[in-house]
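Enquirer: Using the sequences plus the hints, can you model the full thing?
Going line by line, the protein sequences match chains H and W.
Residue 59 in the working numbering sits at position 59 of the first sequence, with consecutive numbering throughout.
Quick note: to get the working numbering, add 1000 to the position in the second sequence (first position is 1).
Among these hints, one or two may not hold up.
The calculated lysine-lysine pairs, modelled on DSS-like cross-linking and capped at a C-alpha distance of 27 Å, are [said to hold, decoys possible]:
#1 W:LYS1044 <-> H:LYS51
#2 W:LYS1044 <-> H:LYS195
#3 H:LYS145 <-> H:LYS51
#4 W:LYS1204 <-> W:LYS1044
#5 W:LYS1044 <-> W:LYS1191
#6 H:LYS51 <-> H:LYS189
#7 H:LYS196 <-> W:LYS1044
#8 W:LYS1304 <-> W:LYS1182
#9 W:LYS1204 <-> W:LYS1360
#10 W:LYS1304 <-> H:LYS189
#11 W:LYS1204 <-> W:LYS1191
#12 W:LYS1044 <-> H:LYS197
#13 H:LYS189 <-> H:LYS256
#14 H:LYS222 <-> H:LYS17
#15 H:LYS29 <-> H:LYS189
#16 W:LYS1044 <-> H:LYS145
#17 H:LYS107 <-> H:LYS195
#18 H:LYS189 <-> W:LYS1378
#19 H:LYS189 <-> W:LYS1044
#20 H:LYS195 <-> H:LYS29
#21 H:LYS51 <-> H:LYS107
#22 H:LYS197 <-> H:LYS51
#23 W:LYS1378 <-> W:LYS1182
#24 W:LYS1317 <-> W:LYS1360
#25 W:LYS1304 <-> H:LYS195
#26 W:LYS1044 <-> W:LYS1025
#27 W:LYS1360 <-> W:LYS1025
Hints were generated in silico from the structure; no laboratory data involved.
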Amino acid sequence: MNIVVCMKETPSITAVKRFTADMRLERRKEDAEINPFDEYALEEGLRQREKHGGEVIALCMGPVTATENIRKALAIGADRGVLVTDPALEGSDAIGTARALAAALQKLGFDLALFGSAAADSYGGVVPAAVAEVLGQPLLSFASKLEIADGRAKIERAAETGYQVAEAAIPALVSVIQTINVPRYPSMKGIMQSKKKPIDTFSLADLGVDATLVGVAGAREKATGSSPVDTQRKGELFSGNDGAADRIVAFLVEQKVL
Amino acid sequence: MDFTLNDEQTMIRTMCREFAEEEIKPHAEELDRTGQFPYEIVRKMAALGLLGLPFPEEYGGAGADFLSYCLALEEIGRGDASVGITMEAHTSLGATPFYLFGSEEQKQRYLTPLARGEHLWSFGLTEPNAGSDSGGTETHAEREGDVWRINGSKAFITNAGTEMSGGVTITAVTGRTADGHKAITNFIVPKGTPGYHIGAAYHKMGWKASDTRPLAFEDCLVPDEQRLGDQGDGFRQFMLILDLGRVAISALNVGLAQACFDEAQRYASERRQFGRPIVAFQAISFKLADMAMEIELARLMYYKAAWLHMQGLPFTKEASMAKLFSSETAKRCADQAVQIHGGYGFMDEYPVSRFWRNVKVHEIGEGTSEVQRQIIAKHL
Ligand SMILES: Cc1cc2nc3c(=O)[nH]c(=O)nc-3n(C[C@H](O)[C@H](O)[C@H](O)COP(=O)(O)OP(=O)(O)OC[C@H]3O[C@@H](n4cnc5c(N)ncnc54)[C@H](O)[C@@H]3O)c2cc1C
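Expert: Structure representation (structure tokens):
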């Protein structure tokens, strides 16, 4: 089975976020890591390969320096990497990103394309759907379980009171949520072998994508401002002997802790 | 001169840092309190190839270089010193002798499962009457045809008595050298060999979750195939093993010192007195500055000793310097970390009290600070 895992490079959660004058996130190489949500997609890809055989390709659209994080995916177990990089891609919105990824997926060919549920920097969560739309192929979104059998992908999607079951013929796109698995650490051997695995680089020209439809040129979405989250802490003091314990219990129930 | 770590070294360090943070640190307090050997953690480490880092893939290892192994130890030791010493004693003292001195058959038979982490292995040098004076070894082996009859005892042997322990390589006197010294030969003694007795675990002040045992050998018969290297080569062998072990221990020391710094820095910025976080007082921030500086120096010293070794250059003096300086750095850092915590630092709930108890043995194991100074002096 040909499995492609789409993974974005995002600034680590703890990194201090700064913006450029035109409101784009300033990306520093030192802070860049694999989008934590995509680690579950990679793990799922590896597990499906372990069951069904085949190959796992780590596909990333990003700056040239993203090879370091592709290398990490190779250390964790992907067979090879593909970097889509082009100066014209800078400033792409979700649709632009989807166009580039869709073109790369088409070029690579796939049975299963896996995505995380969102990216930890923008939290848009629409790229998988947009890629599916561009490719005209089905998306099974927010999977908490994935099974491939008889040429079909079947997922469970967690819902408020239970779960939904959805399925589609492969090739299919699947986005996964964090309860689907526990991502593994790269093994020492995996790290040592990662250098020997190939990483191919595609430009927009290689993919035959029109540069005016991506990047800043093609972006339909424009960020116009940002402000820090209000992190004021609220505290409530329960004291005295008359029913403080009950009030604490009631509070915890209200907060759905108990 | 280039201090940049290569991609593999960086990835190994990052992976070990994450592993220590997520899989070791959360259990460190409990391991210390119960003194239980950390089987689950050690088995996870084995599966990830952390118990065979510096050995070639053909012998089950990861094929990483010696510095990568040290970087890994620093991070694991930063998570917990007991887990760190378990990894270090297994790799540097247990497995390395097979790699350096074993026959091809011994490498296949012993090194491969050790590098894969299927068993742990120990090195038994210290004896009740031969500690710093390792030339004073009393355990002796007499040749009887194709077998050796071993009698004697060993003290403070790490990793000898766990469920995962596969055996021990010991030093034993096998005669006299031409100049009248004891001739020492190393023997491989698998667990279960008749006459090999593993004593009850010691009760220790620190490193509580690591396994430390006295061993006894009572008419213990081992075939000549279980001799490691040439007869009489034992002294030279363990001198080299200890040199290498000292570089590795230095990395562990730096990890512990770093853990002290991490906790001290965090606490100093959280704890408020006189209306300010205590880190705002110069007396406290200068302590942190000194700690950070010494840790940096200690780290550079083990990097250099590892580098010398990887270049095939002599490194005995630098290994001793690194070991001495890093263990004393770790000691000062533990002491200052407790000081910065005030009374809370004396309480078991705070990790720095555990660091303070753990750090003492770092000035003793694999050669005391006095012995390191002797070695350095001898090389001046
Ligand atoms: C937890 C733990 C784990 C250990 N694990 C292992 C292991 O796996 N394998 C192993 O073989 N050993 C192991 N050891 C033993 C360790 O290496 C020895 O304890 C150490 O080498 C010191 O020997 P000793 O305890 O007999 O002290 P001694 O040699 O008796 O030293 C006592 C004191 O005298 C000083 N001293 C001794 N000789 C001189 C001298 N000539 N000049 C100046 N000062 C001197 C020492 O520095 C020390 O301060 C372990 C020890 C501990 C505590």
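Enquirer: Given the hinted pair LYS189 (chain H) and LYS1378 (chain W), is their alpha-carbon gap at most 27 Å?
Expert: Roughly 40 Å between the alpha carbons, so the hint for LYS189 (chain H) and LYS1378 (chain W) is violated.
Enquirer: Given the hinted pair LYS107 (chain H) and LYS195 (chain H), is their Cα-Cα distance within 27 Å?
Expert: It holds: about 24 Å lies between the C-alpha atoms, which stays within 27 Å.
Enquirer: CA of LYS1317 (chain W) to CA of LYS1360 (chain W), is that 27 Å or under?
Expert: Satisfied, since the Cα-Cα distance of roughly 22 Å is no more than 27 Å.
Enquirer: Holds or violated: LYS1044 (chain W) with LYS51 (chain H), Cα cutoff 27 Å?
Expert: holds, 22 Å
Enquirer: Could you grab the alpha-carbon distance between LYS51 (chain H) and LYS107 (chain H) and see if it respects the 27 Å cut-off?
Expert: Holds: LYS51 (chain H) and LYS107 (chain H) sit about 25 Å apart, inside 27 Å.
Enquirer: Is it true that the CA of LYS189 (chain H) sits at most 27 Å from the CA of LYS1044 (chain W)?
Expert: Holds - the C-alpha atoms of LYS1044 (chain W) and LYS189 (chain H) are around 14 Å apart, at most 27 Å.
Enquirer: Taken at face value, is the distance from the CA of LYS1360 (chain W) to the CA of LYS1204 (chain W) at most 27 Å?
Expert: holds, 11 Å
Enquirer: Given the proposed pairing of LYS1304 (chain W) with LYS1182 (chain W), does the C-alpha separation stay at or below 27 Å?
Expert: violated, 34 Å
Enquirer: Mind checking the alpha carbons of LYS1044 (chain W) and LYS197 (chain H) for me, to see if they're no more than 27 Å apart?
Expert: holds, 25 Å
Enquirer: Just to be careful, I want the Cα atoms of LYS1044 (chain W) and LYS145 (chain H) compared with a cutoff of 27 Å; is the pair within it?
Expert: holds, 25 Å
Enquirer: Please verify whether LYS1044 (chain W) and LYS195 (chain H) have alpha carbons no more than 27 Å apart.
Expert: holds, 24 Å
Enquirer: Does the alpha-carbon distance linking LYS51 (chain H) and LYS189 (chain H) stay inside the 27 Å limit?
Expert: holds, 21 Å
Comparing the model with each earlier hint shows violations of hints 8, 13 and 18; every other hint is respected.
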